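**Student:** Read off the chains here:
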Amino acid sequence: MEIKAGLMDFEALNKMVRADAEDGKKLVLREVNGQRYIGCGLCGSAEIDVYGTPGNDMAAFLNGPSITVYGNGQDQLGNTMNAGTVVVHGSVGDTAGYSMRGGEIFVKGSAGSRVGIHMKAYKEHHPVLVIGGSVGDFCGEYMAGGTLIVLGQGGKPSPITRYCASGIHGGKLVLRGEVSPSQIAREADVLPMDEETLSEIEPLIERWCGYFGGDKRELLSGKFTLIKPKGKNPFARLYTNNVY
Amino acid sequence: MSISFQMPRYEVLRREDRCVKCRVCERQCANLVHRYDADLDKMIADEMQCVNCQRCVVMCPTRAIAIRRYPLEYRENANWTERAIVEIQRQAEGGGVLLSGMGSPDDKPVYWDHMMLNASQVTNPSIDPLREPMETSVMLGCKPDSVTLGADGSVKTKLPPQVRLSMPVMFSAMSFGSISLNAQKSMAIAAKKLGITFNTGEGGLHRDLEEYKDAAVVQVASGRFGVHTDYLSAGCMIEIKIGQGAKPGIGGHLPGRKVNADVSVTRMIPEGTDAISPAPHHDIYSIEDLRQLIFSLKEATEYKKPVCVKIAAVHNVAAIASGIVRAGADVIAIDGFRGGTGAAPTRFRDNVGIPVELALAAVDSRLRKEGIRQRVSLICCGSIRNSADIVKAVAIGADACYIASSALIAMGCHMCGTCFTGKCNWGIATQDERLTRRLNPEIASERLVNLLSAWNHEIMEMLGGMGLNSIEALRGNRLMLRGIGLNQKELDVLGIAHAGE
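Chains A and B supply the protein sequences, listed in that same order. Just so you know, we're using my numbering here: the first sequence kicks off at 184 and counts up by one. Just so you know, we're using my numbering here: the second sequence kicks off at 6 and counts up by one.
Chain B on its own, in the form it takes in the complex:
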């Protein structure tokens, strides 16, 4: 066997004057970077194993540790970058499909950062949410084309099932298996407290989460793991996963080594077996077939739950979304190419799909043009980083946004991108009990509640600044957006004017 050409990516800087050899770093690192050498009476590091997750840095009681890029200078080359070279070396050694964790880190346009919000000046008053009522709750689901009222003002029209959210944010799908039960539970507790939802992903609903089931969106994907009648009836909404922004067009493989006793129970598969979600649902080869799955789920739950269809943002997303509405979906989630993942083939993650900003604008415009926008709610997802992204998404046409990476970061994730190794030192993307117990659901859920309460207030402030007093008044209100540094084509697709216009 040939030698490995791999070099460390990170260097561990340890200030000997501060290190007290308490060995906390050694105990905290599941990648086995730190080790105490008794002969030398000092801590040493195997830097090859370091993924820069910052766990040791944060936990070191004397602030003795810093991590920086390994000082390895490749020849300057704008084409054959370090990354291009290292990826070839890895594949030459491993012979496999390159696998990455987290959303695409590529330097591709983030359209949120090229849109600016409006604010009231002189001609209409801004509203102060600290003193005046401000509505940020939304109802997800199909709305009737018209409403008939009785003589007493009561609504006579039979309304399709709806999900009420206290703010336009939901936790996105992350299965038990891809993340730990403590991570899922943290989101479940926070969702219930906040009046929003969490999403089971395609991993079934763990029995410990049953008390949060009213806040659960239960997912049905091509592998149908954990799907049975009780599961379908448990949640407040059912989501059919067709695609994921990080890997449009392909399914997923949860390796058997991650299917431990607990994961096997919720997925309802034997321990140690690969959980394979095929690329397509083999009962869906057309919009008509999708309609069939949507209605089989509605039949199984007696039309009491809205059904959401989640798709990746791809080239013909507008036409596809139109078909999904006509197939009977109550909600559509559109996941952009920057969307997160526990494991996706690198080439898919970085090269397949389109930015969600453009996809969302195209879908909203198309559905309005066809006069069917009211029949569906739109969820925007794929790297929502802050409250301003949400406000901009709503202004383009979203009813709500899914967040996942943001939620994980609130819980401790440092975006090291090695979720697929199962050695997450923050107790999130792992099933190792030694690591998962580092994540306390009570504390982590509080951090999530803090984050989203802050975001909700920021949303209110931004709405108030625009002179609006409800999120409904912003939805699809693209006059509130102006582009900066965008060409005419981009402005046209986004349906917004340039700043100064």
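Bound conformation, chain A alone:
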């Protein structure tokens, strides 16, 4: 099944996507021109290929389907996603994976600010976000669960910029490349790579290479920094009880 998005408005396009997305079948969207909310709230196991540039909030509340973007994604990709897979053959904008609770996002290129903000994990849900390039400020802010990997490809001096993992109280970030403690927030512990994490990320990097090409061994041989929260109650000592 194919839909030509062209200059169709988002409401009409998404209505067609909801009607045509069938479990286990492929739906191809061509000439996508910034239409928002593609795959928003979609459940089931459809596979959707997107050609062009999908708009903001793609895969928001996504609950099962797989979406592959042959182009760049914009802001809030995978917002509050629950399950499913998103693969982007390009870069994505700000707050990718905002509050995602489950599912996986693989990005070939880079991502903007506040990537993976407030990612969570819950029972069998363990969200994964893998960025091939580098990310902007506040990456992993308020992170509460899941795994966020930044591979640092593309020649930037560091995979992150500033205030990484501020307010983190769960989950972990794995950063490949040069990272200075001054780039990391004080709530976070900066640790060397460990065996457990290495074995966790190996299959994820293998999949990233499978989607976008690249040498798994070379990627795994780089310098990694592991970021974890110092505690799961970062504000435990913030308050004094008042009686008024």
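Among the hints, a few may not be true.
Unchecked claim - Covered stretches of chain B, going by a simulated chain A footprint (3 or more residues, C-beta under 8 Å):
hint : segment
1    : 89-103
2    : 196-202
3    : 255-266
4    : 274-280
5    : 414-426
Stated by the list, open to error - Straight-line C-alpha distance at most 20 Å; calculated DMTMM-like pairs for lysine to aspartate or glutamate:
hint : chain 1 : residue 1 : chain 2 : residue 2
6    : A       : 406       : A       : 377
7    : B       : 47        : B       : 22
8    : A       : 411       : B       : 276
9    : B       : 309       : A       : 372
10   : B       : 309       : A       : 192
11   : A       : 413       : A       : 372
12   : A       : 198       : B       : 307
13   : A       : 306       : B       : 307
14   : B       : 47        : B       : 78
15   : A       : 415       : B       : 307
16   : A       : 415       : B       : 16
17   : B       : 163       : A       : 377
18   : A       : 306       : B       : 267
19   : A       : 198       : B       : 235
Simulated from the structure, these hints should not be mistaken for lab results. Quick caveat: nothing in here was measured; it's all calculated off a predicted structure. By construction, the Cβ of each residue, glycine as well, lies at the ideal position given by its N, Cα and C atoms.
Given chain A's structure and the hints, the job is docking chain B onto it.
**Tutor:** Coordinates of chain B only, in the frame set by chain A:
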């Protein structure tokens, strides 16, 4: 460590001639105030722990207990009051942000009490709701600019989704976590019986409440706790929480110790983890971004649910509300600074925001002036204490009111303001099973139904007295209000004349 300068706030008066040492008070007090001393063969009290929640007073079978202010006389000083001194002492000992429960107790103007309603005399007849039809139901949602009728009189215009309320009242957002499941369930049962709604707050929808989901407003806030496709489709309306009257401009922290197994399931986070709602939604930095979240929720629910945006009443509320209408919200809830809370920083609660009466009037006037009032319903909240407050709110321009503290008081809350301790002796603001089982949802929901049925009848009587037979005819009908003891500026903002004019 230095000694504490704190003294008790309350004194426990026990009439020895009445006390039968049955130890009910001891069992009822989670703050561990009462204790039986076997050596003395009498009940003794640790008054430092008393919060004056009145649980022991009510439960004492012989009426032996009374609580009064601890007779501690600070030097008379209108500036350095007892409260000012005690708060400094507490912060000097604790070193933290002062945290308070319940709405602001400050002596700031309550404009409801400065407005009087009209009544019919001679020139138009009043209506007796005991004998004549009287309509108090309201429809919340965006109304079309015009309606086209078919030849047979049927409505041809496609109407946006609406929520029908049997009376202009809804239970306001209180999450499972901040209050007990029994408290939420009490409101859910009452809402379903009454034909109104309850609100999940940002805590997800507990599986035990699924049978009441048609009466649920499901909230989406910055932490996105418990938000998934089933949750969004479950309720009759989705509410985006931008702000809360008790703490405008900041988010919320549910401490990990309150995230027990059950709370963890509805919030969909691991047990014992802090549930942090950041101050802003990080996908909303502008009206355009708000529009994006509104439409992502509409897309996710196929445009079948109205979307409400809840904001705190702040200085530029009218312009903000105008933007929210243009962003596509179907309903706006405006929460005044006196609004309740389970926990808010004291300084925010008492110093940030504006009275909801003025905010509501400013918003209604602005939306009318811009010709967009019909595109949105307005909910007024932030300390609605009785049916007269509701009637006045509707006359200023509200479609409905949210109540929370009033509902909790109906269930047993005595406004002791220590919700954040998790030791609520009335079983409301606690997750301690020993305490929550004190609140029976069947009984508490009946009390809520009683309260609101009484209010509804009072609303009908007041409408009838004004010669009106429907709540719709009162909405924004500010001619029905007159101010008393208000200056010209206040009257202008409220859009009402002074009494006698």
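**Student:** Check each numbered hint against the structure and report the violated ones by number, ascending.
**Tutor:** Hints 2, 9, 13, 14, 15, 16 and 17 are the ones this structure does not satisfy, whereas the remaining hints hold.
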